[in-house]
Amino acid sequence: MGVGIMRQVRQQPKTTVDRTTARRLEMAEEFACVYVTRAHRRLRAGSRAEVLAIAGGSACFIERGSPISQCIGCGVSSPVSNAEIEAIEEFYWSRGTQSQMVVSCAFAGELEEALRERGYQQIEENLGFVRPLPLGTQCAAPAGYILRELHEDERTTWAKIQAEIFFADPEEGAAFKPTAEVIAQAEGYRCYVAVAEATAEIAAGGGICIVRDGKIACLAGAATYPSHRNHGLQNALLQYRLADASAAGCTLAFVSTLPGTVSHRNVERQGFVEAYGRVVMAKKPLDVHR
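Going by the numbering used here, the letters in the sequence shown line up with residues 44 to 333, in that order.
It cannot be assumed that every hint is accurate.
Within a straight-line C-alpha distance of at most 30 Å, the following computed DSSO-like cross-link-like pairs (lysine-lysine) qualify [to be verified]:
id : residue 1 : residue 2
1  : Lys-326   : Lys-220
2  : Lys-220   : Lys-203
3  : Lys-326   : Lys-57
4  : Lys-258   : Lys-220
5  : Lys-220   : Lys-327
6  : Lys-57    : Lys-258
What follows is a list of derived Cβ distance ranges for each label pair [claimed, not checked]:
id : residue 1 : residue 2 : range
7  : Glu-153   : Thr-199   : 42 to 48 Å
8  : Asn-125   : Ser-270   : 49 to 55 Å
9  : Ser-90    : Ala-130   : 18 to 24 Å
10 : Glu-195   : Arg-161   : 43 to 49 Å
11 : Pro-56    : Phe-210   : 25 to 31 Å
12 : Glu-153   : Arg-272   : 39 to 45 Å
13 : Arg-161   : Ala-186   : 49 to 55 Å
14 : Gly-292   : Ala-211   : 36 to 42 Å
15 : Lys-327   : Thr-242   : 41 to 47 Å
16 : Ala-290   : Leu-329   : 46 to 52 Å
17 : Ala-241   : Phe-210   : 26 to 32 Å
18 : Ala-130   : Ala-241   : 52 to 58 Å
19 : Leu-329   : Pro-302   : 28 to 34 Å
Rather than coming from a laboratory, the hints here were simulated on the basis of the structure. All C-beta atoms, glycine included, are put in the ideal place defined by N, C-alpha and C.
Let the hints inform the model, and build the full structure from the sequences given.
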C-alpha cells in the first residue's frame with residue numbers, strides 16, 4: 044500500500060513554475076557542475092574530468108564519490124530515451140562510479156519511473172527554490188563582521204570551511220577540500236566570506252554561480268563555523284550574493300535545499316518560493332565495469 048500511495052502522489056507533484064522556467068532553474072545547477080568539471084580538468088594534473096551533454100542536460104564526472112559527479116537537467120525539456128539512459132550509465136560505469144541523476148519530479152516523471160524500473164535507488168530528496176531578481180533591498184553586515192568577496196590567497200581557507208561544515212565524516216570532508224578549491228577558481232563562480240572584525244578571522248563563507256546565458260544564478264556553499272553562528276551571517280551573505288547576481292544581470296536565483304533544514308528556512312525568509320521537488324537517484328556499476 045505504501046509504494047502504491049507514493050506512486051500516486053508522484054503522478055501529480057507540486058510545482059509553482061512552468062516547464063520553460065524549470066529548464067532555466069535546472070540549467071543553473073547543471074552549469075554550476077559543468078563549470079567545476081571544466082575547471083578540474085584545467086587545474087588538476089592527470090584529471091579525468093569529463094562532461095557529456097545529453098538528453099537536454101549534462102552528465103558530469105570529476106572523480107569517484109564526488110558530489111559533482113552526477114547528471115542534471117535531463118528530461119525537463121524533452122523525454123529521455125532508453126538509449127540515452129544507457130549512454131549515461133556507460134559514461135559513469137566505465138569510470139568506475141555509480142550512475143547518479145538528479146530528477147525534477149514535476150517535469151521528468153517518466154524519467155523517474157524509468158530509473159526505478161531499471162533498479163535505481165533514491166538516495167536523496169531535495170527542494171528547488173526560486174526568487175525573482177533584481178534584489179530590492181540593501182545588504183547590511185551584522186555588527187562586528189565585514190562581508191566581502193574572497194581574496195585569491197584565501198581559497199584554501201574558504202575550501203576548508205566548506206569541507207569541515209558540510210561533511211560530518213572528517214575523511215569525506217578532507218577528500219572534498221581539493222574540489223572546493225577548484226570551485227573557488229571555476230568559471231562563473233564568485234565566493235564570499237564574512238570576516239570577524241575583532242580577530243580578522245573568516246567566520247563564514249558562501250558561493251554563487253552565475254550562468255549568464257540563462258540570466259540565472261545558483262546559490263551554493265553556505266557554511267558558518269559553530270562559534271560564529273546565530274549572528275545572521277548566512278542571511279547577510281545570501282543578500283550579498285543576490286545583490287551581486289542582480290548587478291550581473293540575473294533575473295532569477297535558484298537554490299536547492301534539503302527539506303526542513305536551517306537552509307530551507309533561511310531561503311524562505313529571503314523571499315525564495317518552493318518551485319518543485321527533486322530526487323537524486325543512483326545505481327551502482329554492473330560487475331563487468333568494476
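Please flag the earlier hints that this structure goes against, numbers listed from lowest up. The structure conflicts with no hint, since it agrees with every one listed earlier.
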